[in-house]
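Q: Spelled out from the first residue to the last, the chains are:
Number of protein chains: 2
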Amino acid sequence: MNVQAESLKLDKDLAYKLVESLTVEVGPRLAGTEADMRSVVWAERQFQQLGFDKVWREPFDMLYWERGQANLTVAAPFNQSLVVTALGGSVGTPFDGISSQVVMFNTLEELTQASTADVKDRIVFINHALEKDIRGGFYGQVVGGRARGAVEAAKLGAKAIIIRSVGSSNNRFAHTGQMRYEEGVERIPAAAISVPDAQQLSKMLAINPELTLSLQMSNNLPGTVTSHNVIAEITGSKRPDEIVLISAHLDSWDEGTGALDDGAGVGIVMATAALLKQEKPERTIRVVLFGNEEGGLIGARAYAARHHQQLAKHVFASESDFGAGRVWRFDTGMGEQALGFARELQKKLTPLGIAMGPNTASGGPDVSILKAQGVPVASLMQDGTDYFDYHHTPNDTLDKIDPTALKQNLEAWLIMTREIANSQVNLRL
Amino acid sequence: MNVQAESLKLDKDLAYKLVESLTVEVGPRLAGTEADMRSVVWAERQFQQLGFDKVWREPFDMLYWERGQANLTVAAPFNQSLVVTALGGSVGTPFDGISSQVVMFNTLEELTQASTADVKDRIVFINHALEKDIRGGFYGQVVGGRARGAVEAAKLGAKAIIIRSVGSSNNRFAHTGQMRYEEGVERIPAAAISVPDAQQLSKMLAINPELTLSLQMSNNLPGTVTSHNVIAEITGSKRPDEIVLISAHLDSWDEGTGALDDGAGVGIVMATAALLKQEKPERTIRVVLFGNEEGGLIGARAYAARHHQQLAKHVFASESDFGAGRVWRFDTGMGEQALGFARELQKKLTPLGIAMGPNTASGGPDVSILKAQGVPVASLMQDGTDYFDYHHTPNDTLDKIDPTALKQNLEAWLIMTREIANSQVNLRL
Numbered sequence: 001m002n003v004q005a006e007s008l009k010l011d012k013d014l015a016y017k018l019v020e021s022l023t024v025e026v027g028p029r030l031a032g033t034e035a036d037m038r039s040v041v042w043a044e045r046q047f048q049q050l051g052f053d054k055v056w057r058e059p060f061d062m063l064y065w066e067r068g069q070a071n072l073t074v075a076a077p078f079n080q081s082l083v084v085t086a087l088g089g090s091v092g093t094p095f096d097g098i099s100s101q102v103v104m105f106n107t108l109e110e111l112t113q114a115s116t117a118d119v120k121d122r123i124v125f126i127n128h129a130l131e132k133d134i135r136g137g138f139y140g141q142v143v144g145g146r147a148r149g150a151v152e153a154a155k156l157g158a159k160a161i162i163i164r165s166v167g168s169s170n171n172r173f174a175h176t177g178q179m180r181y182e183e184g185v186e187r188i189p190a191a192a193i194s195v196p197d198a199q200q201l202s203k204m205l206a207i208n209p210e211l212t213l214s215l216q217m218s219n220n221l222p223g224t225v226t227s228h229n230v231i232a233e234i235t236g237s238k239r240p241d242e243i244v245l246i247s248a249h250l251d252s253w254d255e256g257t258g259a260l261d262d263g264a265g266v267g268i269v270m271a272t273a274a275l276l277k278q279e280k281p282e283r284t285i286r287v288v289l290f291g292n293e294e295g296g297l298i299g300a301r302a303y304a305a306r307h308h309q310q311l312a313k314h315v316f317a318s319e320s321d322f323g324a325g326r327v328w329r330f331d332t333g334m335g336e337q338a339l340g341f342a343r344e345l346q347k348k349l350t351p352l353g354i355a356m357g358p359n360t361a362s363g364g365p366d367v368s369i370l371k372a373q374g375v376p377v378a379s380l381m382q383d384g385t386d387y388f389d390y391h392h393t394p395n396d397t398l399d400k401i402d403p404t405a406l407k408q409n410l411e412a413w414l415i416m417t418r419e420i421a422n423s424q425v426n427l428r429l
Numbered sequence: 001m002n003v004q005a006e007s008l009k010l011d012k013d014l015a016y017k018l019v020e021s022l023t024v025e026v027g028p029r030l031a032g033t034e035a036d037m038r039s040v041v042w043a044e045r046q047f048q049q050l051g052f053d054k055v056w057r058e059p060f061d062m063l064y065w066e067r068g069q070a071n072l073t074v075a076a077p078f079n080q081s082l083v084v085t086a087l088g089g090s091v092g093t094p095f096d097g098i099s100s101q102v103v104m105f106n107t108l109e110e111l112t113q114a115s116t117a118d119v120k121d122r123i124v125f126i127n128h129a130l131e132k133d134i135r136g137g138f139y140g141q142v143v144g145g146r147a148r149g150a151v152e153a154a155k156l157g158a159k160a161i162i163i164r165s166v167g168s169s170n171n172r173f174a175h176t177g178q179m180r181y182e183e184g185v186e187r188i189p190a191a192a193i194s195v196p197d198a199q200q201l202s203k204m205l206a207i208n209p210e211l212t213l214s215l216q217m218s219n220n221l222p223g224t225v226t227s228h229n230v231i232a233e234i235t236g237s238k239r240p241d242e243i244v245l246i247s248a249h250l251d252s253w254d255e256g257t258g259a260l261d262d263g264a265g266v267g268i269v270m271a272t273a274a275l276l277k278q279e280k281p282e283r284t285i286r287v288v289l290f291g292n293e294e295g296g297l298i299g300a301r302a303y304a305a306r307h308h309q310q311l312a313k314h315v316f317a318s319e320s321d322f323g324a325g326r327v328w329r330f331d332t333g334m335g336e337q338a339l340g341f342a343r344e345l346q347k348k349l350t351p352l353g354i355a356m357g358p359n360t361a362s363g364g365p366d367v368s369i370l371k372a373q374g375v376p377v378a379s380l381m382q383d384g385t386d387y388f389d390y391h392h393t394p395n396d397t398l399d400k401i402d403p404t405a406l407k408q409n410l411e412a413w414l415i416m417t418r419e420i421a422n423s424q425v426n427l428r429l
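Protein chains in written order, with UniProt numbering: chain Y, 1 to 429; chain R, 1 to 429.
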């Protein structure tokens, strides 16, 4: 199924070579699709060729969402199309689309405070802006409009919702991402328009508040399918039953090739374990490539449920899932008794420009599910200043990865994973 | 038809306000479309509201090209779609598309030196790269692949041609632009893929040189339609029969809103003449907004033909059509006797950071047709370093214009146009 014959070299370019192979040979890999299945086969084959001791897949059920066409046009007198993408999980529109006047809000909060009279039978437009910072910290403030906007708009009788992309670039790409419905609230179509299109639409509304939009989308929810977590281990030389879990997610959104989100993480953690094998680590290093992170941590929940009994033997977990920017801080989520060890570990990271962070790490989106069940975690925090320029857009492609920064990530993961795999310290919360 | 009621203020923000109005209220305006017609009405109305003495339109016939859908997929084992756009003027494919192996060349020259055995029944892929510089000078070296690639490929029996976009950004936008066929050579479909997709495809070909591409496009050439040049004048106070022609083109490609190409130029030259009206210039200032520049200077050729007898009274012509970057040089295309005057004029431009250039200016794409018939020209050379990041892509939108740089353009055009309109010097070649 995959065409690259030779196995990759065990050197510091390995992380880059892996993400290159994944994005070129598999490409976009939306959970539940044929490409998702190809990515599972790709991962198993790479693990085997890299010499892992055990390689297996763990199936889980998921609701499959299928993207269709999406079109959004502004009626006369403007007669223009806007760049639009369906949000993941959104229903489609009737075949002829939904045409209606628009009501604009600057934030989700403004929408929740509006009255039915303002919203009923309209298309809601949330024109929230996303500011940049190294932690991508504003994402959490804005992403609610994407996740919960459809429910809040439907409660007030809206016919559909469009949001300004949760993105920080003025490139004309719409950012997709998962949205949610709520039992008992009408399921209305939800889509995102690019930042320049949101600016364009707000200028049009300033000229003509009565303008009409027409939205057509043909998404489907065909039903339940099987996807997989792919898992591989380097067996520990002294304490093989103690599991050091390092992870990333294998699935991606369908419009880019998932290079930053999360091909980079896949490359980093696969390479980390592969390079540490020759050092015969004392604890077992388990690499988990989670499936369907984008649909709502579906693979991670399945993993936590399946391994519930063994989580006490998971001595540590971490995930790389914030692109390929340089690591700048080492955050922990461990018991107080382990913080001395953590500070010693951070000293080894100092030459890479990595500072000590707080003890409030989530460990990463998928790993946060494990932390909630008591597994100690850490996060090698990446520079995410530009992450939301590309995240969830067609522009998330291999060329956006800086190989030098990716190598620095690999160096940091090697140090963190080595130190934890060879220690006997109890990190538990 | 247009909705903005009030007229724009006669101040230094006028150029920006005009391009904002054009891009928001009209948007993309491919020659021959309904939007092209709306842009003509928009221009006439703006000229009237700005107080021009005469406003009229001049019709011309043109071949109308209609963009359809475009899809390009890589077959198994890669199974991916690439970001593609039809080149302007290209025929479509059969409904089921064209599927074939690929032959890659790095340049048009490599293609022309290939043999029929290498190319026959294949899809040709020209993977030329575009370097950046302030003059956009590499564009001319690479654009031949877009303009003439289909003819050269068809001569060797190719089924279709795709080119790496003639663009300098790694954003995942395909760049459209006009291509040409030749009498007696088969008309094969021609399309462009984005720079990251070209890199992706070349990596795939390195792994599997036998891979198959499938191209589907549904473009049409429905026939001849009418488009227009829109013209307006400030009548000269002393020598009204002497015409100082300043110009831009009103049409745009259909994927962006034509902000840089050439909404900026439209705003600059309309504002220049409107602001000079109060100074009662001695010669007549004629603003020409050419139609269908993108299809091959069609409006400019029509203008030159219609006004052939009066070109001797065109004492000067210039066009703004290179985006909205700061003007950095004043190039001339005048008789030797006028160069002293030109140097005096340039001294007035010095405070704006504008140097004296050579006497080899074309005057701009449309105006080059007039220069060929003896009309003296100049070019206020704009910084085009980033121009080909946006040019001919969906990303050519208002937010890409720096209002401060646009204002510097307006200042430069005011000085140049004022000095020439009030002088008696003979600029003739």
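Calculated from the structure, these hints are not laboratory results.
Just to be clear, a hint being listed does not mean it is correct.
Within a straight-line C-alpha distance of at most 20 Å, the following computed SDA-like cross-link-like pairs (lysine to any residue) qualify [stated by the list, open to error]:
{"no.": "1", "chain 1": "Y", "residue 1": "Lys347", "chain 2": "Y", "residue 2": "Glu411"}
{"no.": "2", "chain 1": "Y", "residue 1": "Lys17", "chain 2": "Y", "residue 2": "Ala405"}
{"no.": "3", "chain 1": "Y", "residue 1": "Lys203", "chain 2": "R", "residue 2": "Pro403"}
{"no.": "4", "chain 1": "Y", "residue 1": "Lys155", "chain 2": "Y", "residue 2": "Arg135"}
{"no.": "5", "chain 1": "R", "residue 1": "Lys120", "chain 2": "R", "residue 2": "Val151"}
{"no.": "6", "chain 1": "R", "residue 1": "Lys9", "chain 2": "Y", "residue 2": "Lys17"}
{"no.": "7", "chain 1": "R", "residue 1": "Lys17", "chain 2": "Y", "residue 2": "Gln199"}
{"no.": "8", "chain 1": "R", "residue 1": "Lys371", "chain 2": "R", "residue 2": "Met334"}
{"no.": "9", "chain 1": "Y", "residue 1": "Lys17", "chain 2": "R", "residue 2": "Lys203"}
{"no.": "10", "chain 1": "R", "residue 1": "Lys203", "chain 2": "Y", "residue 2": "Asp13"}
{"no.": "11", "chain 1": "Y", "residue 1": "Lys203", "chain 2": "R", "residue 2": "Lys203"}
{"no.": "12", "chain 1": "Y", "residue 1": "Lys120", "chain 2": "Y", "residue 2": "Ile134"}
{"no.": "13", "chain 1": "Y", "residue 1": "Lys203", "chain 2": "R", "residue 2": "Met334"}
{"no.": "14", "chain 1": "Y", "residue 1": "Lys203", "chain 2": "R", "residue 2": "Val151"}
{"no.": "15", "chain 1": "R", "residue 1": "Lys120", "chain 2": "R", "residue 2": "Gly97"}
Q: For every hint, state whether the structure bears it out.
A: Comparing the hints with the structure gives:
Distance hint between Lys347 of chain Y and Glu411 of chain Y is fulfilled; the C-alpha atoms sit about 14 Å from each other, no more than 20 Å. With a C-alpha separation of about 14 Å, the suggested pairing of Lys17 of chain Y with Ala405 of chain Y holds against the 20 Å cut-off. Taking the CA atoms of Lys203 of chain Y and Pro403 of chain R, the gap is near 16 Å; set against the 20 Å cutoff, the hint holds. Note on Lys155 of chain Y and Arg135 of chain Y: the hinted pairing is violated, with a Cα-Cα distance of about 33 Å set against a maximum of 20 Å.
Proximity of Lys120 of chain R to Val151 of chain R is assessed by CA-CA distance (about 13 Å); at most 20 Å being required, the pair is judged to hold. At most 20 Å may separate the alpha-carbon atoms for a hinted pair to count; Lys9 of chain R and Lys17 of chain Y exceed this at roughly 57 Å. With a C-alpha separation of about 15 Å, the suggested pair Lys17 of chain R and Gln199 of chain Y falls inside the 20 Å cut-off, and the hint holds. The straight-line distance between the Cα atoms of Lys371 of chain R and Met334 of chain R is roughly 9 Å, inside the 20 Å bound, and the hint therefore holds.
For the proposed pair Lys17 of chain Y and Lys203 of chain R, the alpha carbon gap of about 12 Å is at most 20 Å, so the pair holds. Using a Cα cut-off of 20 Å, the hinted pair Lys203 of chain R and Asp13 of chain Y holds, with the two alpha carbons roughly 17 Å apart. Straight-line distance between C-alpha atoms of Lys203 of chain Y and Lys203 of chain R comes to about 42 Å, which puts the hinted pair past the 20 Å bound. The straight-line distance between the Cα atoms of Lys120 of chain Y and Ile134 of chain Y is roughly 39 Å, outside the 20 Å bound, and the hint therefore fails.
Note on Lys203 of chain Y and Met334 of chain R: the hinted pairing is violated, with a Cα-Cα distance of about 43 Å set against a maximum of 20 Å. Taken as a hint, the Lys203 of chain Y and Val151 of chain R pair is broken in the structure, with Cα atoms around 43 Å apart against an allowance of 20 Å. For the given pair, Lys120 of chain R sits about 17 Å from Gly97 of chain R by alpha-carbon distance, which is consistent with the 20 Å threshold.
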